[in-house]
Amino acid sequence: MRVMLTGNGAAAWGARLAGVEYLPAFPITPQTEIIETIANWIDYGEFDCRVVMLDSEHSMITAAGAAATTGVRTFTATSSQGLLYGMEMLYTVAGWRAPFVLVNVSRGLASPITLEPDHNDILAARDCGFLQLHCATCQEVLDSILLAFRLTEDNRVRLPAIVNLDGFYLSFTREPVQLPSEQQVAGFLPPFDPQNQGFRAGAPFSQAVAVLGGSAYSYFRYQCHLAALNAEQAFSESAALFSEAFGRSYQAVESYRCDDAEVVFVMMGSFATKAKAAVDQLRAAGQAVGLVRPLLLRPFPVKAFGRALAGKRGVAVIDQNLSPGYGGILHAELAANLYGHSGSKPVLVSFIGGLGGRDISSEEFFEMAKITRQAVADGSAPPPRLLYTGDELREMKKWQAIALQQSGRGDQT
Amino acid sequence: MKTASRILGTAFFLEGFEVQDAPRYGAERRGAPISAYVRASHQEIKERGIIRDPGLVIVADETLVPMPAACVMQGVGAQTLLLIHSLENPQVWRDRLNLQGTVLTLPSAGETADPMAWRCIGAACAAAAARLVGVISRDSLGSALEQELAGLKAALMEENLGRAHWAYDLMEPEQGRVVSGRLLPTGPFSSPEWVDLQYEEARVSAPAIHAAMTSEQVQTGLWRTRRPVIDSGHCKRCWWLCSTYCPDGAIKVDEAGLPEIDYAHCKGCMVCVAQCPNHAIEVIPERSVSRTAVAGKDS
Chain C
1 MRVMLTGNGA AAWGARLAGV EYLPAFPITP QTEIIETIAN WIDYGEFDCR VVMLDSEHSM
61 ITAAGAAATT GVRTFTATSS QGLLYGMEML YTVAGWRAPF VLVNVSRGLA SPITLEPDHN
121 DILAARDCGF LQLHCATCQE VLDSILLAFR LTEDNRVRLP AIVNLDGFYL SFTREPVQLP
181 SEQQVAGFLP PFDPQNQGFR AGAPFSQAVA VLGGSAYSYF RYQCHLAALN AEQAFSESAA
241 LFSEAFGRSY QAVESYRCDD AEVVFVMMGS FATKAKAAVD QLRAAGQAVG LVRPLLLRPF
301 PVKAFGRALA GKRGVAVIDQ NLSPGYGGIL HAELAANLYG HSGSKPVLVS FIGGLGGRDI
361 SSEEFFEMAK ITRQAVADGS APPPRLLYTG DELREMKKWQ AIALQQSGRG DQT
Chain X
414 MKTASRILGT AFFLEGFEVQ DAPRYGAERR GAPISAYVRA SHQEIKERGI IRDPGLVIVA
474 DETLVPMPAA CVMQGVGAQT LLLIHSLENP QVWRDRLNLQ GTVLTLPSAG ETADPMAWRC
534 IGAACAAAAA RLVGVISRDS LGSALEQELA GLKAALMEEN LGRAHWAYDL MEPEQGRVVS
594 GRLLPTGPFS SPEWVDLQYE EARVSAPAIH AAMTSEQVQT GLWRTRRPVI DSGHCKRCWW
654 LCSTYCPDGA IKVDEAGLPE IDYAHCKGCM VCVAQCPNHA IEVIPERSVS RTAVAGKDS
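Just so you know, the protein sequences line up as chains C and X, in that order. Each residue of the first sequence is one higher than the one before, counting from 1 in my numbering. Each residue of the second sequence is one higher than the one before, counting from 414 in my numbering.
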C-alpha cells in the first residue's frame with residue numbers, strides 16, 4: 001500500500017512493523033510526533049507496545065539499553081539537545097552491546113538554539129559505538145529502521161543503531177511511502193532471538209562490570225570496533241534480503257548518475273535529494289556530474305566509498321556540519337579514507353552548507369560543480385567555502401544593529 | 414494552513430501525482446504565522462524545502478502580507494498566481510504589491526459579521542487551489558477532505574465540505590490557470606554572491622542581545638484573528654484582573670483604573686475576555702478593523 005507519510009510517520013510505522021515491544025520516550029521537537037503517533041495507535045488498540053515517558057533522554061537511553069539486554073525488542077527516538085543530554089549513556093549502552101534502534105531527528109545544536117536541521121547532533125554521536133544510517137527520503141526512514149533492527153540483532157554485530165532523519169525536511173514533510181504488510185516484514189525481520197541474553201530473577205547476572213587497568217578496557221572497546229566493522233558485511237547481506245522481500249535496493253553508499261562522472265557531489269541526509277535534482281539539471285546541460293551519498297556512515301563503508309570514487313577526478317564534499325577549528329567532518333573522513341591507497345586520487349573540495357537548515361539553491365550546486373572542475377584543472381583545491389551570501393550577511397548586520405544598540409558594551413575597546 | 418496543504422497534497426496524490434507537502438513553523442504557538450508547501454509532479458520529486466519559484470501562492474490571512482516573518486511574497490514572480498483571502502479588489506492588491514503576475518481574491522461573504530467563518534478557511538483555500546491547478550476532480554478533492562478532516566464532528570465536517578465546494582465552484586472560471594513550473598535553464602546561470610565571512614570579536618559575534626526591549630519590535634499583535642475590545646461603560650475599574658491575567662503583559666491600567674490593551678502585542682488569546690467578571694470585554698473579528706490598518710501601511 002502506498003500512502004502519504006511524514007518522515008516521523010514513517011519512523012513510527014517502521015517501529016510498528018518491526019513489532020517493537022518497549023519504547024522509552026522523552027519529548028523534543030521535531031521528534032515528538034513519532035511518539036505521539038505510536039501512543040495514539042496503542043490508545044486505539046491498533047498496536048501493542050509499552051511506552052514509558054522517562055524524566056530525560058539520559059534515563060530514556062539507559063532504559064532502552066537495559067530493556068534490550070533482557071531480550072526485548074526496543075525502540076526509542078530523540079533529537080539534537082536530547083541526544084547530547086543522553087550522550088554519556090550512548091557510550092555506555094553501546095558498551096553493553098545492547099541491540100536496539102534509536103531514531104534521531106536532526107536539528108542544529110545550541111548556541112544559538114534553533115529548530116531546523118544540520119548534522120552536528122548525530123555526528124557528535126559518531127564515536128560512541130552505535131551504527132549510523134542516514135536517510136534521504138521518508139521511504140528510507142521506514143526501510144532503514146527495518147534494516148537497522150536486522151543489523152543490530154545480528155550476532156556478528158550486536159550493537160545499537162541510530163537511524164537519522166532531518167528535522168522539517170523529512171520529519172514534517174509528507175511523501176508517498178510504500179507501506180509493507182506485516183507478513184512481508186515478518187519474512188524479513190524474524191522475532192528478536194536474544195540467545196544467551198534475557199533476564200530471570202532465578203538467574204541473575206551483572207551487566208557492565210567495572211574494569212581497572214587498560215588492558216581489559218582495551219579488549220572490550222576494541223570488540224565494539226570489530227563488531228561495528230562486521231556491520232558493513234551484515235549490511236550488504238541484509239540489503240540483499242531486503243531487496244528480495246520488498247523490491248527496493250539499498251547500498252551502503254549510493255551512487256547517482258556516477259558512471260561516467262568526472263565530478264561528484266558527496267552529501268548525506270535529505271539535502272542529497274536536492275543535489276540529485278541539481279545533477280539532473282547539470283546532466284541535461286551535458287555535464288558529467290553525479291552524486292555519492294553514504295546511507296551507512298558507521299561503520300564507515302571504506303570499500304564502498306573506494307568503489308564509488310574510483311576514477312573520479314573531482315569531489316565536492318558538502319558538509320551539513322561544522323567541526324570548529326577543522327571544518328567539514330565528512331571531508332576529513334573522506335580524505336583519511338583516500339590517503340594511503342595507491343592510484344590517482346580525486347581533488348577534494350570542501351563546502352560547508354545547510355547549517356541550521358539553511359537552504360542550498362540549484363545555482364549553488366552548479367557553482368560548486370564549476371569550482372570543483374576548476375580545482376581538477378588546477379590540480380589543487382581552493383580553501384573550504386561556507387555557503388553564505390552577501391544578502392545573508394547584510395540581514396545579519398541588520399539584526400546585530402538591533403541587538404547591540406545603545407549597549408555601551410559594543411563600544412568598549 | 415498545514416491541513417490545507419495536506420488536503421491539496423492528498424488530492425494530488427489521489428490523482429496519481431508524486432507529491433510532497435510540508436508545513437514550516439516558526440514560533441510553535443497558536444496564532445503565529447505558519448506556511449506550508451505543496452509540490453506535485455508526474456516524476457519523482459527531488460527538490461525539498463522552500464519553493465523558490467512557486468506557481469501558486471495562497472494567502473489565507475491578508476494581515477500577514479506586510480509581516481516579514483511570514484515571508485508571504487517570497488519567490489513571487491511574473492509566473493506566480495497569487496490568491497488572497499480578501500474582500501479587496503484584486504487590482505488593489507496588484508497595485509499595492511506592485512505585482513506583474515495574476516492576482517485573484519477569495520472573498521467570503523458575511524465574514525466580517527461572523528468570526529467563526531474563519532474556521533473553514535483551510536478547506537476553502539485547498540479547494541480553490543485544487544480548481545486553479547486544473548487537474549484535481551471534485552471527487553478527489555472530496556476524498557482528500559474526508560481523509561484529512563477525519564475525526565471532525567459531523568456538523569463541522571459538513572461546514573468544511575460546504576465551504577470547500579463553494580470555493581471550488583467559485584474558481585471554475587479560472588480552472589487550470591496555474592501552470593507547471595519548468596526546470597531551471599541549464600545553460601548559463603547567475604553565480605551565487607558568496608562572501609568570505611570575516612572574523613569578528615565575540616562581543617559582536619556571540620549571539621547576545623544587549624539592547625533592551627527588543628522583543629517589543631516583534632509585533633505579535635499580527636497573530637490575532639479576533640480582537641478583545643474593552644467597553645469602558647461596563648468596565649468596573651477593578652484595575653487588576655484583566656491586566657494580571659494577560660499572559661503577554663499587554664494590558665496596562667491607567668491612573669483612573671481604566672485598562673488599555675496594547676494591540677501591537679496582544680495575541681488575541683482571549684484570557685482577559687474569560688476573566689473579566691463584568692463581561693465588559695467583547696470580541697470582534699480582527700479583519701473588520703485591521704484591513705484599514707494594513708491598507709494604511711502599504712498604500
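Don't read these hints as lab results, they were simulated from the structure. Every residue, glycine too, gets a C-beta built ideally from N, C-alpha and C. Be aware that a few hints might be false.
Computed Cβ-Cβ distance ranges for the label pairs, DEER-style [what the hints assert, rightly or not]:
(1) C:Ala245 with X:Val631: 48 to 54 Å
(2) C:Pro383 with X:Ser603: 53 to 59 Å
(3) C:Phe199 with X:Met480: 52 to 58 Å
(4) X:Ser603 with C:Glu395: 15 to 21 Å
(5) X:Gly490 with C:Trp399: 22 to 28 Å
(6) X:Met570 with C:Glu395: 40 to 46 Å
(7) C:Arg50 with X:Val696: 56 to 62 Å
(8) X:Glu571 with C:Glu46: 24 to 30 Å
Interface residues of chain X toward chain C, partial, derived using beta-carbon atoms under 10 Å [as the list claims (entries may be wrong)]:
(9) Lys566
(10) Val608
(11) Tyr612
(12) Thr638
(13) Arg639
Structure-based check of all given hints:
1. Between Ala245 of chain C and Val631 of chain X the Cβ separation comes to about 52 Å, which falls inside the hinted range of 48 to 54 Å.
2. Under the hint 53 to 59 Å, the C-beta atoms of Pro383 of chain C and Ser603 of chain X, about 23 Å apart, miss the expected range.
3. The hint said 52 to 58 Å for the Cβ distance between Phe199 of chain C and Met480 of chain X, and at roughly 57 Å that hint holds.
4. Our hint of 15 to 21 Å for Ser603 of chain X and Glu395 of chain C holds, since their Cβ atoms are close to 19 Å apart.
5. Take Gly490 of chain X and Trp399 of chain C: their Cβ atoms lie about 27 Å apart, and the range 22 to 28 Å holds.
6. About 43 Å separates the C-beta atoms of Met570 of chain X and Glu395 of chain C, a value consistent with the hinted range of 40 to 46 Å.
7. With their beta carbons about 45 Å apart, Arg50 of chain C and Val696 of chain X fall outside the hinted range of 56 to 62 Å.
8. With their beta carbons about 28 Å apart, Glu571 of chain X and Glu46 of chain C fall inside the hinted range of 24 to 30 Å.
9. Restraint check, Lys566 of chain X versus chain C: the minimum CB separation of about 18 Å is more than 10 Å; hint violated.
10. Taking 10 Å as the C-beta cut-off, the interface hint given for Val608 of chain X holds, the closest approach to chain C being about 5 Å.
11. Taking 10 Å as the C-beta contact cut-off toward chain C, the hint placing Tyr612 of chain X at the interface is violated, the least distance being around 12 Å.
12. For Thr638 of chain X, the interface hint is violated, the least distance from its beta-carbon to any beta-carbon of chain C being 23 Å, above 10 Å.
13. Against a cut-off of 10 Å between C-beta atoms, the interface hint on Arg639 of chain X is violated, since the closest Cβ of chain C lies about 27 Å away.
The structure fails hints 2, 7, 9, 11, 12, 13 (numbered hints given earlier, in ascending order).
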